[in-house]
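Position chain U relative to chain F; hints supplied.
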Amino acid sequence: MNTTATSRSAFPGPSQSHNQPQPGGNGSVDPAATNNNVKAGAGDSYFVDAKKGEVNELRTLLRTFSLEKTLTRKREIIKKVIAYMTLGIDVSRLLPDMLLVIETRDLVIKKMVYLYLCTYASTSEEVAIMCINTLMKDCSNDDPMVRGLALRSLTSLRLKSVVEYVMEPLRKSLDDANAYVRKTAVLGVLKLHDLSHPVTTFLPRLTELLDDSDPAVVSNCISVLNELNADTGGMEVTRDVMLKLLNRLGTFNEFGLAEVLNLLCRYTPTDKNETFQIMNLLDPVLRTSNSGSVLAVIKSFLHLTNTMEELRPMVYERVKPPILTLIAGGGPEQIYVLLKHVKYLCEANPGMFDNEYRQLYVRYNEPTSIKYLKLSILPKLASADTAVDIITELCEYVSENDIRMAKLAIEAIAKVATERACQGTTAGGIGEIVTGKLVELCSLDGGPVSSAAACALKDVLRAHPNSRFSVAPVLGRCLKLGGEEKGKASLVWMIGEFGDIVIEAPYVLEKLVDSWDENEELVKLSLLTACVKLFFKRPPEMQAILGRLLTHATNDVSSQDLHDRALLYYRLLKAGPEKAEKVVNGGEQVIEPSKGFAEDDEEATIKALREEFNTLSIVYGSKSAHFIGEQYRLGSANSVAEITDAFANTSVAPIQPDVTAAPTQPTPEPPQSNDDAYADLLGFADSPPTPPSASVPAAAPQTSAMNLNKSFAIDGGKFQGMWQSLPEASSSMSAMSKNYTVGEIDGLLTGVGILTMASGEMDAEFKFFLYAQDVDTGSVYLLQLVIDKMCEPRVCSLSIKTDTGGEGAEVVAKMLGGVLGNAGM
Amino acid sequence: MISMLYLMNTKGDIVISRQYRDDVSASTADTFRQKIVAAKEASTSAPIRILDSSTFIFTRHLNIYFVAVTRSNVNPSLVLEYLYQKIRVLQAYLGEKFTEDKVRNNFTLLYELFDETIDFGYPQNTSIDVLKMYINLGKQRQKIAEDQGSLTSQITGAIDWRREGIRHKRNEVYIDVLESVNLLLSATGSVLRQEVTGSVMMNTKLTGMPECKFGLNDKLVVEKDKNSQHAGKSGVSIDDCTFHRCVSLGRFDADRTITFIPPDGEFELMKYRVTDNINLPFRIIAAIQEDGQTRVSINVKCTATFSEKLFASSVTLKIPVPSNTAKCKIKCTMGRAKYVPEESSIVFRLKRFQGQSECMLAADVTLMPLVRAKAWSRPPLSLDFSVPMFTASGVHVRFLKVFDKSGYTTNRWVRYITKSGSSYCIRI
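So the protein lines, in turn, are chains F and U. In terms of my numbering, the first sequence has 421 at position 421, counting the first letter as 1, and numbering is strictly consecutive. In terms of my numbering, the second sequence has 1364 at position 364, counting the first letter as 1, and numbering is strictly consecutive.
The hints are simulated quantities; they were obtained by calculation from the structure and are not laboratory data. Don't take every hint at face value.
Said to hold, decoys possible - Pair ranges (Cβ atoms, derived): (1) Gln1034/U with Asp90/F: 20 to 26 angstroms; (2) Gln277/F with Lys1309/U: 49 to 55 angstroms; (3) Ser1043/U with Gln277/F: 30 to 36 angstroms; (4) Thr268/F with Gly1250/U: 23 to 29 angstroms; (5) Ser66/F with Gly1250/U: 55 to 61 angstroms; (6) Pro1388/U with Glu54/F: 43 to 49 angstroms; (7) Glu761/F with Met1368/U: 46 to 52 angstroms; (8) Pro1388/U with Gly447/F: 57 to 63 angstroms; (9) Gln543/F with Ser1043/U: 52 to 58 angstroms; (10) Ser470/F with Pro1341/U: 55 to 61 angstroms; (11) Asn1277/U with Glu603/F: 37 to 43 angstroms; (12) Asp175/F with Glu1096/U: 39 to 45 angstroms.
What the hints assert, rightly or not - Facing chain F, a subset of chain U residues (Cβ under 10 angstroms, in silico): (13) Arg1021; (14) Asp1022; (15) Ser1043; (16) Thr1055; (17) Thr1070; (18) Arg1104; (19) Glu1112; (20) Asp1239; (21) Cys1241; (22) Glu1268; (23) Arg1336; (24) Ser1382; (25) Ser1386.
Every residue, glycine too, gets a C-beta built ideally from N, C-alpha and C.
Just chain F, with the same shape it has in the complex (with noise of 0.2 angstroms):
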């Protein structure tokens, strides 16, 4: 092309500035023109000086408003009202002089006051009354502008008086012929429904203009009808409403293609032809630079393929490159979350950016939320083959001065070797390789660095025993370089596990049980699990240590816990050493290192947060049950047919608790009721939280099921002698949706009459003892509850004794599970 070569070689002048912002066209509003007339007639002035006592004067000015001669001076007085408004001072004692100066010719002064209205009207519905008229006369002006700003006013009133008179206007504007008011009026529907007045008779027009000539219409007719509709899952997707919008899929603007994508979810395709035909015309979206758009693509391709798992492979190839582009050149902010989505992705479908670890390098000058993120993705990337080059970048991070950055650069080596990479041959190959870098970092300085590779060794050194043979000989130098106490913990453990190898293990923790009192509960901790294993494996060297050792703890007053189980095993050992030997050392216990350690299981979410693609659900990880209102939740179409679903695959009989007593919650009960209801007995992975409105003892007796006397009492002895007679009735393990501390447990128990005998808090984990009694049966329940605080969620295991032989204990376990898990998410 002729221009381009010319160009290069003689860039004419005007090139200079053509980078500077341009006026608009003919005709369009010059922004910089229009700024300094602003600022001229605006200047600072508004926000000096802003007292409370002022709203008087400006009461005063606002009475001299009908003198003023010039619209200019006229302008200034309300938008003075306005600037305090900003300010955050209350102004609503001038309703009713703003209501004086509403009628107006000028379109700007109009503008300022509805905008003010909007603000305070709600405050004084008796005068805010006084405005609808000229709102309504304004809501049939000749100019759509106007007709559009009042009637987008009238309806944001919020003033529950006002709706009957809004109804006529807004039916009028829904068949207006200028689009603008169109587009407002189908929100202004939306806005009397909010107010909960019935807004059926407009649904009709609703529906027909979902066929509107105009897209920012039919975009928010869309949002209007799903809200409507919010409890059966959003507005009815048919097929030829379907079909309609995606053959004019080019004309919405992003923010009408998202929610044509969302209802595209919620569609099923006749046929395969369809399916690909769909496929086809969304296609070309992904181009575009818009990330909410892409996103939706994806979910929407996500959702067409779910009956073809032949063809995820295919769209999976597909969406890799957009995504890719958008990260390389989007806001950080964007980028966040986009690598969310691809740490998502590479969790639903292990592999996929494998070829693309390179672009996921973290840069020296990102945003740090970003390079933590990327951390985390980089070891699901690893395979076999590319093992060894993401461990040695994570190994540049390394030595970076944020010692966050350091240890969750550790963390991630040692995911390498206990996650997908370590699959078949190579296994063992990289377990060396991350044991030596990781052995390398651990007897660096005893700096926190090291103290985070020493915690990473012990979780390596799970999945791959066979390497503690590189481990051993550092092992007793590394801990008296000393370093934080988890580190020093981790030296501990492996001492004692891997003591048959470790020549110096016994005069190592020998000086540590010496030093008794110097050591962190932590490491007494370890320190105890570490000699009594050792002592099995070199009982002559151990066996005074040993005994040194369990004085010292049983006379440690500052952890219950360690007295505790320094008892135990004292206990155990009495037994005989080698009855003892099999409680401890109770087998091998080596992890799979291709399938991870059991407590990053998460395959059922992400199976959930498919349906939840592109929603902050993949931002926080966690389904929107967990952290979103119950309002604020579209009752998704899938999640109903999973429901019924489960009731008709399942042939065990529900476990109900005796609704009778107790009124219920008008949702339908989750699934957890039928055949998984044992796993899911305390309700926590699925129950549904309670509005963040209601008050925590107001959540209390809906799931009450068993009438619970509140003022039993039993003393302590009686319970111990009771909770040592009876049989276990119930056990059960589950995860908590919310962190409670001992108190709010506590009290959140006692409002539905579970009373506490002791409670209290370990390193590791919470511990209560609780009783109950049945008002009508009288019979006592007591119960066990440990809550494991070290996991992420954490778990809590429960078991149960009662008197009754079992009966009832279930129902006691269900509603402890519903207090814990339904109250205040």
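Only chain U this time, still in chain F's reference frame:
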């Protein structure tokens, strides 16, 4: 949907706010202030946080946080996209670098923009061109009153990025191809990561509703018509590209031609990404040796690999030194270099760097002895530059054709520039 939107300064004061729904109260802003702004977490915190069951999605422009609050399970990237566009709109009205004061002084405008871009929590139109037409901004509207009929239809019309009836005396199109190169070299000189992200910026001043056709030396296209006039030339393989809304994507997928009716004025036509066959504009060889505890010797050689007809401007090379540096003796063949203690690095600046030339820098660094010796983390060496009329990917514009009913001729200007991306780093 967005329940509330506010602008907050770095002290945590609300500059201006607009509430769209009743489900959040003004006190949520307090939560954000206490937990994020006051806790000095804003720079390290994730940009999306849930506090008291409200989700805060925020971004920052200079010293102003733009915060959207919601309680429903929104589409986060769409909300961010809205915030970005909001900033863009404000930039168009208040200038590129608008400050808190600017915002405060134009609060009526801000309210208007708040109301027109979102209604009841649902984003409406954020197109600057269209917004300009119905934001009053305290100015008389008479000027545009006459074409009101066409105007309001435009606000929501199908081609919402361009008005009918635009006239220009001279029809001109400026095309800027901007590329930024990201590079990460290991200490041994192997490429760990390289990538070019390019964008084609356009500034159109065209009359009427012209249809434009645009072509790059995209490998797929070039190879297709190899038999014709472009025989022998090889194109650039573009990994992926995205387009402005105005480009008709159907036609791109069919035959990879980029066809569009442009908005008036400046816009970004497309973005692309290239990862293969990148011409790195600079080659750097660095030898940094720590001699004992108190001395570091640095030798850096930097070669410009592009054509000698071109030159790079504002080249800045940052060479890290330990933070306990006492003294630096620096020698360089050209440019200026000095030790900047705040950045713990030697900053080496060259105003102009001719292609095919090379420069050397040698430095002797004396360190202060430390009580506790701590290993130096050896951060990477980084380079900033811009090279006009050069593209690292090799992309160039093959043609731009403008078709309009009136058949006027158009002047087209093309400019290329390659800059260092957010990280052009070499590990040492």
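Outcome of the hint check:
no.	hint	result
1	Gln1034/U with Asp90/F: 20 to 26 angstroms	holds, 22 angstroms
2	Gln277/F with Lys1309/U: 49 to 55 angstroms	holds, 52 angstroms
3	Ser1043/U with Gln277/F: 30 to 36 angstroms	violated, 47 angstroms
4	Thr268/F with Gly1250/U: 23 to 29 angstroms	holds, 25 angstroms
5	Ser66/F with Gly1250/U: 55 to 61 angstroms	holds, 59 angstroms
6	Pro1388/U with Glu54/F: 43 to 49 angstroms	violated, 56 angstroms
7	Glu761/F with Met1368/U: 46 to 52 angstroms	holds, 47 angstroms
8	Pro1388/U with Gly447/F: 57 to 63 angstroms	violated, 47 angstroms
9	Gln543/F with Ser1043/U: 52 to 58 angstroms	holds, 56 angstroms
10	Ser470/F with Pro1341/U: 55 to 61 angstroms	violated, 43 angstroms
11	Asn1277/U with Glu603/F: 37 to 43 angstroms	holds, 42 angstroms
12	Asp175/F with Glu1096/U: 39 to 45 angstroms	holds, 43 angstroms
13	Arg1021	holds, 8 angstroms
14	Asp1022	holds, 7 angstroms
15	Ser1043	holds, 7 angstroms
16	Thr1055	holds, 6 angstroms
17	Thr1070	holds, 8 angstroms
18	Arg1104	holds, 6 angstroms
19	Glu1112	holds, 6 angstroms
20	Asp1239	holds, 6 angstroms
21	Cys1241	holds, 7 angstroms
22	Glu1268	holds, 7 angstroms
23	Arg1336	violated, 23 angstroms
24	Ser1382	holds, 7 angstroms
25	Ser1386	violated, 13 angstroms
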